[in-house]
Amino acid sequence: MGVIGYGLAVIGAGIGIGLAAFGASQGIARQPEVQGRLFTVFILGCAFVEALGLIGFVTALIVR
Amino acid sequence: MMEALDRLPDQINEMISDFVAPAMFGNDYFGFTQYIFWMLIAIAILLIVLFAAKKRQSLVPHGRFVNGVEALVEFARNDIVYGVIGHKTGDKHMPFILTVFFFVLINNLVGLIPGCRPGTGTIGVTFAVALCSFVYFIALSIKIMGVGGYIKSLAPKGIALPIALLVAVIEAFSVILRLVTLAIRLFANMFAGHIAMGAFALMVSVMMGAAFQVVTAASFGAALAPIAIMLILILIYAIEMLVAFIQAYVFAVLSAVYIQLAEGEE
Numbered sequence: 001m002g003v004i005g006y007g008l009a010v011i012g013a014g015i016g017i018g019l020a021a022f023g024a025s026q027g028i029a030r031q032p033e034v035q036g037r038l039f040t041v042f043i044l045g046c047a048f049v050e051a052l053g054l055i056g057f058v059t060a061l062i063v064r
Numbered sequence: 065m066m067e068a069l070d071r072l073p074d075q076i077n078e079m080i081s082d083f084v085a086p087a088m089f090g091n092d093y094f095g096f097t098q099y100i101f102w103m104l105i106a107i108a109i110l111l112i113v114l115f116a117a118k119k120r121q122s123l124v125p126h127g128r129f130v131n132g133v134e135a136l137v138e139f140a141r142n143d144i145v146y147g148v149i150g151h152k153t154g155d156k157h158m159p160f161i162l163t164v165f166f167f168v169l170i171n172n173l174v175g176l177i178p179g180c181r182p183g184t185g186t187i188g189v190t191f192a193v194a195l196c197s198f199v200y201f202i203a204l205s206i207k208i209m210g211v212g213g214y215i216k217s218l219a220p221k222g223i224a225l226p227i228a229l230l231v232a233v234i235e236a237f238s239v240i241l242r243l244v245t246l247a248i249r250l251f252a253n254m255f256a257g258h259i260a261m262g263a264f265a266l267m268v269s270v271m272m273g274a275a276f277q278v279v280t281a282a283s284f285g286a287a288l289a290p291i292a293i294m295l296i297l298i299l300i301y302a303i304e305m306l307v308a309f310i311q312a313y314v315f316a317v318l319s320a321v322y323i324q325l326a327e328g329e330e
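Protein chains in written order, with the numbering used here: chain A, 1 to 64; chain B, 65 to 330.
Be aware that one or more of the hints could be misleading.
Just a few of them, taken from the derived set where beta-carbon distance is under 10 Å, the chain A residues facing chain B [to be verified]:
1) Phe22
2) Val34
3) Arg37
4) Ile43
5) Leu54
6) Ile55
To list a few chain A residues with every Cβ distance to chain B over 12 Å, as calculated [as the list claims (entries may be wrong)]:
7) Ile4
8) Gly14
9) Gly23
10) Ser25
11) Gln26
Covered stretches of chain B, going by a simulated chain A footprint (3 or more residues, C-beta under 8 Å) [said to hold, decoys possible]:
12) 252-264
13) 284-293
These aren't lab readings, by the way, just hints derived from the structure by calculation. Values in this document were obtained by computation on a predicted structure and should not be read as measured data. Glycine is no exception: its CB is placed at the ideal position from the N, C-alpha and C atoms.
Let the sequences and hints guide you as you build the complete structure.
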C-alpha cells in the first residue's frame with residue numbers, strides 16, 4: 001500500500017514541477033535576458049514542490 | 065532467475081536497515097554513527113582543499129585547482145549571496161551562507177563515492193545545519209527589530225486584534241515549518257537518492273548472478289536485462305551528482321532568502 005501511496009504522492013509533485021518548468025521556459029522564451037534570475041526561482045519552486053513528494057517517500061518507508 | 069528476484073525485496077529491506085544502522089558507540093540519541101564518521105572525513109577534505117587553495121592563491125590565479133575553487137566561491141558569492149540578499153548587506157552574511165553551502169556540498173559529494181556515506185544522509189546532521197540557519201535568521205530579525213518588534217511583525221499592521229492573533233499563530237507556525245522543511249528536504253533527497261541507487265545496484269548484481277549461474281550461450285542473452293538496468297544505474301548516478309549540487313544550492317539559497325526576509329523587515 002505504501003508503494004501505491006507514494007505513486008499517488010508523486011503525481012502531485014510531477015504536476016507541480018511540470019508547471020514550474022512550463023512557466024520558467026515560457027518566461028525565458030519571452031524575455032531571455034532574465035534567464036539567470038528565472039532559473040533561481042525555478043530551482044526554488046522545484047525544491048518546495050519536491051520536498052512534499054519526498055515527505056511522501058519517507059512516510060512510505062517509515063510507515064509500513 | 066525468478067527465485068533470485070523473489071529474494072530482492074528482502075535484500076532491499078536489509079539495505080534500508082543498513083542505512084539506519086545503530087551507532088558505532090554511544091546510544092541512538094547521542095552516539096557516533098557511520099554518518100558522523102563520514103561527515104568528519106568530508107570536513108577534513110573540505111578544510112584541506114580550501115586551505116590548499118588559499119595557500120596557492122595569488123592575484124592572478126594559476127592552475128586548474130585554484131581556478132576551480134575560486135570559480136565555486138565566486139559562483140556562490142555572486143549567485144547566492146549577491147543575487148538574493150543584494151550588495152548592500154550581502155557581504156555581512158557571506159561567510160555564513162558560504163559555510164553552509166560548502167558544508168552541504170562536500171557532504172553530498174563524499175556520499176557519492178561508492179562505499180562512502182553522505183554526512184547529510186541522516187536527519188540529525190541536516191537538522192543541525194537547518195537549526196544553525198534558523199537561529200541565524202531569527203537572531204538577525206530580533207537584532208534588527210527587538211524581541212517585541214519581532215513578535216509584532218508576525219501579524220500585519222492595522223487589523224483587529226483577534227484576527228491578528230490568529231494570523232500571528234499561523235505565521236509563527238510557518239516560520240517553524242521553514243526549519244522542518246529545510247532539514248527534511250536535504251535528508252530525504254540524499255536518503256531517497258541513495259536508496260534508489262542501492263536498489264538498482266542490488267537488482268543488477270542479483271540478476272547478473274542468476275544469469276551466470278551456469279554459463280551457456282543463453283546466459284549472455286539473459287545478461288541483457290541487468291546490463292540495461294546498469295545503464296539506468298549510471299544515469300541515476302549522474303542525476304545524483306546533479307542533485308548533490310542542486311541541494312547544496314537550494315539549501316544555501318533558502319537560507320539566503322530567509323535572511324533577506326529578516327533584513328527587509330526593518
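- In ascending order, which of the hints set out earlier in this document are inconsistent with the structure? Of the numbered hints given earlier, those the structure breaks are 1, 2, 13, listed in rising order.
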